[in-house]
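*Asks:* Chain residues, written in single-letter form:
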Amino acid sequence: GAGVSQSPSNKVTEKGKDVELRCDPISGHTALYWYRQSLGQGLEFLIYFQGNSAPDKSGLPSDRFSAERTGGSVSTLTIQRTQQEDSAVYLCASSLAGNSNQPQHFGDGTRLSIL
Amino acid sequence: QKEVEQNSGPLSVPEGAIASLNCTYSDRGSQSFFWYRQYSGKSPELIMSIYSNGDKEDGRFTAQLNKASQYVSLLIRDSQPSDSATYLCAVNLPGGSNYKLTFGKGTLLTVNP
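Line by line, the protein sequences are chains A and B. Each residue of the first sequence is one higher than the one before, counting from 1 in the working numbering. Each residue of the second sequence is one higher than the one before, counting from 1001 in the working numbering.
Errors might be hidden in some of the hints.
The calculated DSS-like cross-link candidates involving lysine-lysine, where the alpha carbons are at most 25 Å apart (straight line), are [what the hints assert, rightly or not]: (1) 11/A to 57/A; (2) 11/A to 1042/B; (3) 57/A to 1056/B; (4) 1105/B to 57/A; (5) 1100/B to 1056/B; (6) 1056/B to 1067/B.
Keep in mind that the hints were calculated from the coordinates and are not lab data.
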């Protein structure tokens, strides 16, 4: 079956612009996660969705970052007034349910470059 | 601070050898452990999950878990050049945030033909 799909695969934008990153999880997966991976760094948790609700937003680095999920499916991560330190690969993952026994499956990511 | 530690490598092994990748974690209550493989420029791919003490085998891969020592490892038998990648260890946080995984920074494995 189809895996986690992310778009765009690459995004280059100027500092100060807003960007939207999209994630389409595996069908039937109720849990969805956003991570960020910077060069030489580990995966950094950003936000967790269970259905359309986000019970854990603790990893969002600033109020310029927001995310939503609609229809229990597609999620959008929005970064407003982008800064150069926002440059990273943004990864989306989904799992069948939001508990420790369910492995998370990752999309191919969006490579974001802020000029 | 919840931590997952891995040797960054690079770990270099000849083709056909056994590659041993190690991971330690700080939270004694963690229950679920995952190994992901990440090729350069690609996303992490789940290769193994383990939840109980002991060994779990899947093809050429064996995961080993020792909760008393807070240690999880991945063995790759008959290593192939195509196994060359960064291997990420991921551990869940126990309790109410058990959906949340903490990742190590990964071990870079190079298998030489």
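*Asks:* If a hint holds in the structure, say so; if it does not, say that too.
*Replies:* Structure-based check of each hint:
Annotation: proposed proximity of residue 11/A to residue 57/A holds, straight-line Cα distance about 23 Å (limit 25 Å). The suggested pairing of residue 11/A with residue 1042/B holds, with an alpha-carbon distance near 16 Å, which does not exceed 25 Å. For the hint pairing residue 57/A with residue 1056/B, the CA-to-CA distance comes to about 34 Å; that exceeds 25 Å, so the pair is violated. A C-alpha spacing of about 22 Å is found between residue 1105/B and residue 57/A, which places the hinted pair at or below 25 Å, so the restraint holds.
Simply put, residue 1100/B and residue 1056/B have alpha-carbon atoms about 23 Å apart, close enough for the 25 Å limit, and the pair holds. With a C-alpha separation of about 14 Å, the suggested pairing of residue 1056/B with residue 1067/B holds against the 25 Å cut-off.
In terms of the numbered hints stated before, the structure departs from hint 3 and from no other.
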